[in-house]
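Visitor: Chains as they are written, first to last, in numbering that gives the first Met the number 0: chain A, 0 to 617; chain B, 0 to 484.
It is possible that part of the hints are untrue.
BS3-like, lysine-lysine: derived pairs with alpha carbons at most 27 Å apart [claimed, not checked]: (1) Lys-329(B) with Lys-40(A); (2) Lys-10(A) with Lys-329(B); (3) Lys-441(A) with Lys-391(A); (4) Lys-10(A) with Lys-371(B).
Across the chosen pairs, the derived CB separations fall in these ranges [to be verified]: (5) Asn-317(B) with Leu-142(A): 54 to 64 Å; (6) Arg-112(A) with Ala-91(B): 33 to 43 Å; (7) Glu-107(A) with Ala-91(B): 48 to 58 Å.
In short, the hints are calculated from the structure, not lab data. All C-beta atoms, glycine included, are put in the ideal place defined by N, C-alpha and C.
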Amino acid sequence: MAKDFNLEKRKFVLAGIVIAIVLIYVTRLFVLQISTDDYKKNADSNAFLKKTQYPSRGIVFDRNGRLLVYNQPAYDVMVTMKEVKNLDTLDFCNTIGLTKQYFIQRMEEVKDRHKNPGYSNYTQQLFITQLSAEECGVLQEKLFKFKGFSVQPRPIREYATSSAAHILGDVGEVSQANIDDDDDSYYVRGDYIGKQGIEKYYEKDLRGTKGVEIFLRDAHGRIQGRYMNGAMDRHPEAGHNLTLSVDERLQALGEHLMLNKIGAIVAIEPRTGEILCMVSSPTYDPRMMVGRLRGKTHVRLEHDPRKPLYNRAIMGAYPPGSTFKPAQGLVFLQEGIISPATEFPCHRGFIVPGLKVGCHAHASPLSLIPAISTSCNSYFCWGLYHMIDNKKYVRSDSALTVWKNHMVSMGFGYKLGVDISGEKRGLIPNATFYDKVYGHRKWGGLRIIHIAIGQGEVLLTPLQIANLGATIANRGYYYIPHVVKKITGGHLDPKYLRPRRTTINPKWYNYIVAGMRSSALHGTCHFLGGMPFVACGKTGTAQNKGKDHGVFMGFAPMDHPQIAVVVYVENGGFGATYAVPMGALMMEQYLYGKIAPQRQELIERLSNTVISYGDEAR
Amino acid sequence: METRRASFIKSIDWPIVIIYFVLIVCGWFSVAGASYDYGNTDFFSFASRSGKQMLWIFCSFGLGFVLLMLDDRIYDMFAYVLYAGMILLLIATIFLSHDIKGSRSWLSLGPVSLQPAEFAKFATALALAKFMNSFSFNMKKPQCAMIAVGLILLPMLVIIGEHETGSSLVYLAFFLMLYREGMPGAILFFGLCAVVFFIVAIRFSEVMLANTLTPIGPFAVLLMIMVFAAGMVWVYLKRIEPMRNILGIGLGITLLSFLVSNFIIPFNITWVMLVVCVAIVGYLFYLWLSDRNSNYLMIAIFSAVSIGFLYSSSYVFNSVLEPHQQIRIKVVLGMEQDLSGAGYNVNQSKIAIGSGGLTGKGFLNGTQTKLKYVPEQDTDFIFCTVGEEQGFRGSAIVLVLYMIFILRLVYLAESQYSTFGRVYGYSVASIFLFHLFINVGMVLGVTPVIGIPLPFFSYGGSSLWGFTLLLFIFLRIDAARKWRV
Numbered sequence: 000m001a002k003d004f005n006l007e008k009r010k011f012v013l014a015g016i017v018i019a020i021v022l023i024y025v026t027r028l029f030v031l032q033i034s035t036d037d038y039k040k041n042a043d044s045n046a047f048l049k050k051t052q053y054p055s056r057g058i059v060f061d062r063n064g065r066l067l068v069y070n071q072p073a074y075d076v077m078v079t080m081k082e083v084k085n086l087d088t089l090d091f092c093n094t095i096g097l098t099k100q101y102f103i104q105r106m107e108e109v110k111d112r113h114k115n116p117g118y119s120n121y122t123q124q125l126f127i128t129q130l131s132a133e134e135c136g137v138l139q140e141k142l143f144k145f146k147g148f149s150v151q152p153r154p155i156r157e158y159a160t161s162s163a164a165h166i167l168g169d170v171g172e173v174s175q176a177n178i179d180d181d182d183d184s185y186y187v188r189g190d191y192i193g194k195q196g197i198e199k200y201y202e203k204d205l206r207g208t209k210g211v212e213i214f215l216r217d218a219h220g221r222i223q224g225r226y227m228n229g230a231m232d233r234h235p236e237a238g239h240n241l242t243l244s245v246d247e248r249l250q251a252l253g254e255h256l257m258l259n260k261i262g263a264i265v266a267i268e269p270r271t272g273e274i275l276c277m278v279s280s281p282t283y284d285p286r287m288m289v290g291r292l293r294g295k296t297h298v299r300l301e302h303d304p305r306k307p308l309y310n311r312a313i314m315g316a317y318p319p320g321s322t323f324k325p326a327q328g329l330v331f332l333q334e335g336i337i338s339p340a341t342e343f344p345c346h347r348g349f350i351v352p353g354l355k356v357g358c359h360a361h362a363s364p365l366s367l368i369p370a371i372s373t374s375c376n377s378y379f380c381w382g383l384y385h386m387i388d389n390k391k392y393v394r395s396d397s398a399l400t401v402w403k404n405h406m407v408s409m410g411f412g413y414k415l416g417v418d419i420s421g422e423k424r425g426l427i428p429n430a431t432f433y434d435k436v437y438g439h440r441k442w443g444g445l446r447i448i449h450i451a452i453g454q455g456e457v458l459l460t461p462l463q464i465a466n467l468g469a470t471i472a473n474r475g476y477y478y479i480p481h482v483v484k485k486i487t488g489g490h491l492d493p494k495y496l497r498p499r500r501t502t503i504n505p506k507w508y509n510y511i512v513a514g515m516r517s518s519a520l521h522g523t524c525h526f527l528g529g530m531p532f533v534a535c536g537k538t539g540t541a542q543n544k545g546k547d548h549g550v551f552m553g554f555a556p557m558d559h560p561q562i563a564v565v566v567y568v569e570n571g572g573f574g575a576t577y578a579v580p581m582g583a584l585m586m587e588q589y590l591y592g593k594i595a596p597q598r599q600e601l602i603e604r605l606s607n608t609v610i611s612y613g614d615e616a617r
Numbered sequence: 000m001e002t003r004r005a006s007f008i009k010s011i012d013w014p015i016v017i018i019y020f021v022l023i024v025c026g027w028f029s030v031a032g033a034s035y036d037y038g039n040t041d042f043f044s045f046a047s048r049s050g051k052q053m054l055w056i057f058c059s060f061g062l063g064f065v066l067l068m069l070d071d072r073i074y075d076m077f078a079y080v081l082y083a084g085m086i087l088l089l090i091a092t093i094f095l096s097h098d099i100k101g102s103r104s105w106l107s108l109g110p111v112s113l114q115p116a117e118f119a120k121f122a123t124a125l126a127l128a129k130f131m132n133s134f135s136f137n138m139k140k141p142q143c144a145m146i147a148v149g150l151i152l153l154p155m156l157v158i159i160g161e162h163e164t165g166s167s168l169v170y171l172a173f174f175l176m177l178y179r180e181g182m183p184g185a186i187l188f189f190g191l192c193a194v195v196f197f198i199v200a201i202r203f204s205e206v207m208l209a210n211t212l213t214p215i216g217p218f219a220v221l222l223m224i225m226v227f228a229a230g231m232v233w234v235y236l237k238r239i240e241p242m243r244n245i246l247g248i249g250l251g252i253t254l255l256s257f258l259v260s261n262f263i264i265p266f267n268i269t270w271v272m273l274v275v276c277v278a279i280v281g282y283l284f285y286l287w288l289s290d291r292n293s294n295y296l297m298i299a300i301f302s303a304v305s306i307g308f309l310y311s312s313s314y315v316f317n318s319v320l321e322p323h324q325q326i327r328i329k330v331v332l333g334m335e336q337d338l339s340g341a342g343y344n345v346n347q348s349k350i351a352i353g354s355g356g357l358t359g360k361g362f363l364n365g366t367q368t369k370l371k372y373v374p375e376q377d378t379d380f381i382f383c384t385v386g387e388e389q390g391f392r393g394s395a396i397v398l399v400l401y402m403i404f405i406l407r408l409v410y411l412a413e414s415q416y417s418t419f420g421r422v423y424g425y426s427v428a429s430i431f432l433f434h435l436f437i438n439v440g441m442v443l444g445v446t447p448v449i450g451i452p453l454p455f456f457s458y459g460g461s462s463l464w465g466f467t468l469l470l471f472i473f474l475r476i477d478a479a480r481k482w483r484v
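Chain B on its own, in the form it takes in the complex:
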């Protein structure tokens, strides 16, 4: 029994636990700094946010310890039950919760308020792990893939119903895990293309190319469609001749019409390019018919969908998106300077971070955060405090710690013997990555403002416990792998 316990302790992945601990301690200092109010704050009083956060932290440590003690097999056993329970809880929340700033995601239990959305992530991860672990599961079977995607979309839709769009977007992170589990990379590529096309088309829709009457946005997207089509022919079919045809004729005509438009008669050359692109689609279709290689069809469809996407994106942007969402996107793309409205948070957050310099102003010496210039500074914008008080040195160290943390999770996930453990591990890594990407990105003014917390840093019990739950279940599964063998 003694040796068994000793080997159990050894089988816990201590690097992850240590980084978790370091990040949580740094996070507490940041919350203390962000909520500090010139001399009238007692850091350890439960009336203050730092005091409360301290309590949440100790609860998390307890939670982590309990999770390590529990048998990992219960997760496999109760995965669907937990998932179903969580979905019900999420739905119930819509009806039971009070409206907080338009959001119906908080559940009051006496003095404590909880956000079930934070706990639904681990349940979804477990359900996915269990489903994909099943013997009959095969990613290539459309029906299996559909169910997996359904498991992801269901909580997303419910959370959107709670008006917590930001939290629901986190579930997109599961697609990274699906990619590892065999989802075609092309889907990720299409997703990326969609984002890039959308941004380029919107951002440069009103910028003209040289002397021509051509908006750069659609021009660049059409050019990318040609290049991607040619590139895919090369990657998937290893055929030089059609690639050369597409590239040569497409770029040749584009260049020619650019010269004519620039020096002789200015006109909008995207119309010429559109015709060329449609011709490429036709050409690929012809190749599919003559060659009977379905890859040609896929590329043709990709190109056609891309063209359609390009011409519908401005419609989507102007008609489907809400005005406040449009402004957020425009602010991020630098098309609009709205420093008092949507851009205020991001501008103030950049000022706070930028004023930190190399070494920062020191703990409790940040002026921007102390004087409440940055809204949500102890929750979503907590990274400002790190940037202002610890400077480039401190905030870069925090980012590198996160990087090591997530890379270590990927490594551990890959080391799992069971698909269950691997799927769960990748889910955990993907969720942390998504939070880091969006949260730090919005604080730095790179990604749109989407209100999701920075793991271990943002003030709040629900998110801290949610992340602890997510992480320690994986640590327990991982420990069991080493220990049982």
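One chain only, chain A, in its complex shape:
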């Protein structure tokens, strides 16, 4: 039996085939098992049914511990299609108040895998959301009749106050953009997220952490028990509670005073930068933005011509008018343009050839303190003129840069960084700005003279004006204004805890304070003189295409100030008319916790004052 050695070589071919097959398969195993974890994810979504457990959202209190926002039980109705049998559709619809068409349409939607990708016959599917406790109670009694349906608790937001809507904000279902923008992939469709106000800014503190229960699901979708007997389950962690710096009663008073008027009131505790109230008028009732009402309310508010959703306190960029003069005075003093004794003439205005800025009747010439007290336009025009065209800066643009830097140090021109989203930065013009408008080096102090009195290009938000009040009250420093005082179990952003000094020497503030006190005693804010506390103030009347805007900025008491207030009334005319008494009442309310009986009537008078904006017919 001779061997054919030629053929014997073929054993190598066969051995090669064996080795090649095994090598290919090992490579294939490598590709499947190691090079990608797609299959692992696929396997997990196959086998694990993850049931989310929702944490309760953090509760919100005002600075005095009054409950503002809490959670209310609501119920989602779930359906397991496989178990639905002999359903009395009519009875079911009547019980939870649905039309039969809606019921049929909703059942189709649930079964449609395009709209509901996680659909399974065997698992609970969301049928209808946010049934109230009462509705749920009625359903629960009959639930035994509706096989396959069940209810699952899912708390929704409830408001204990009708005010502070802009601060509190609201909660709604996440949008696709929310899901895409979230780096932690925390959200899934149907989750709730803060949409505005602190609900949005403090979302991560308030929301807590979702828990999960992991069940094992077999190929038919049936639950076979808990994965690792629940060892991998996570309990939900409740969100942190917030204590606001807002005084709910002060806020309510502010909103009451601003009824029928457009504008804003902001009050700050100067010592801490805590916002005591932030009124934007018109406002709305936050209780309307809850649950299934939210959608309708939101649409209605969006279409309101007065834009109640717009938070004017931080989004409205207004000319500050004369409330800007103390800031000007500080810059001139710091730069040595004026001394406290420097006097400028005023003959019913700042008059140079070809230019006149009008002023009202008062003694002339006058120094800084009476100039603030009487709100003399002329004085500050002279000051700005002397500064911008001063040879010590060589050129006007470098002078303006010095001026601008001082203004920025007082919190103007940029966002302050308040903990409510949507803040605007206002406008403090710089040299580049004027170069663009007038041409390079084609402008000087006279060209831009209107910014001296808070008109022209300068724009501030009411929050920035209030912050100016706080800075003056503190004689030279401020804290970034913020509405949250304390996060239970969390930390406030350290930026709110650090004082910011302005570039102005604190000693100059005393002259400004003296001017504002003088104004309260016998100047434009003399209404304040009649109040039982030592207040300082400055009025403003911002020129406007229509009727002037009325502004008041002040603080009290003069020594150891506890509150700085700004009141901005659109088309409110002369600042002293509405803004000053409103500011005075806000101070009184905060300092005494109540308004003296003799001024109750004033509250109603101011509140009932209607300012026409020409849109009433609509």
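Let chain A serve as the given structure and place chain B on it in line with the hints.
Guide: Same frame as chain A, but now just chain B:
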């Protein structure tokens, strides 16, 4: 007598026995894992599959021991009788068996069901070994080759009659053995070409080449025909000039028409290539006539048959194959994603294996197999359990063990002095290789789903005993070789 027994024990090939033992133990753990049902399984109860498998395993050990004790000469003696008996049993099964999922291959003997097809393999191997061992046998004689092929085809046809197409395909493995015994390599090459042409032509029949109106499938196949023709001229005739002519002119015209089609007027260049290929066939025919070298004729026939095959493959695919077979093939070729139907098994099996990662989830911790996502997970798809619970590490080790096992069988087969032993040994090695190739391949989504078991792993007494029988007869023959000399 004592020394005789000692030397007999020594003459058994222990590496094979050890690997066999290791694989069987791994297989039992896999079956236990696959049939485990969250806490309500007693592994050793005969009501459970793991318990039954344990029983089959001990029976196999007994069977193996008995086979080693029997005289190897009875196989030579009774080979034809066993073969004839098995064929009769297979035919009888068609009539005696109950219909299980359309298949008539199970024979009930009281409480036990057996699948005779699993036992027919060793009988066929023995019959082939005996026939090819005969003095008058010569592979080059067409009539001998025909009988050998007939011995293979007969059980195949009967098993197809039982509607067990998968099991019948296993008999194709004998062609590997025939190759070792002198079947021309060209036949294997033609077989391979047929598979490659078929796959390429079907897979890329609707994909267009660049800007031309040319389907890539036929284009690639025609290109391969040209290259193969030239290559064969070089390999079989060592003639450079005709090779250069075929390659140069064929590729040149193809390239030219590609450029024209791509940049000037788009047209289907396979028509040009078809003309070129026909011309090549004519050229080879001319060379045969002028040179009188029959190799030219063979190459010409190969090329002509290939062209014919190409143009009939789509007809075969669409008209001859059953719809479910078409879908299986399309799924394997990635032309169709049918995750709920034919692709479901393979997709779930890939998920199960892929989720194992490097080290696997651990014994009894596989979720995909436990939760019944993979169908047939303890029989045909048993390798999923290995992949999911033991990960890349475990499943690669199993594959390497199989490789060593089959290579060792090839080595032992080659070491046989008798053609009988060698033919039988190669048959055993080829059958194991075929099972490994198809079974693991389908689980990994590489080969079509053909329901054949993974030796020593898949649950079931018949297949385990069948493989044990196949293997231990060879071990006995091999032992006798060392021991008798």
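Visitor: Each of the hints needs a verdict: does it hold here or not?
Guide: Verification of the hints:
This hinted pair checks out: Lys-329(B) and Lys-40(A) have alpha carbons roughly 26 Å apart, not beyond 27 Å. About 34 Å separates the Cα atoms of Lys-10(A) and Lys-329(B), which puts this hinted pair outside 27 Å; it is violated. At most 27 Å may separate the alpha-carbon atoms for a hinted pair to count; Lys-441(A) and Lys-391(A) meet this at roughly 19 Å. A distance of roughly 42 Å separates the Cα atoms of Lys-10(A) and Lys-371(B); the hinted pair therefore is violated under the 27 Å criterion.
Roughly 56 Å separates the CB atoms of Asn-317(B) and Leu-142(A), a value that falls within the hinted 54 to 64 Å. Distance hint check: the CB atoms of Arg-112(A) and Ala-91(B) are about 50 Å apart, inconsistent with the given range 33 to 43 Å. As the Cβ distance of Glu-107(A) to Ala-91(B) is approximately 56 Å, the hint placing it in 48 to 58 Å holds.
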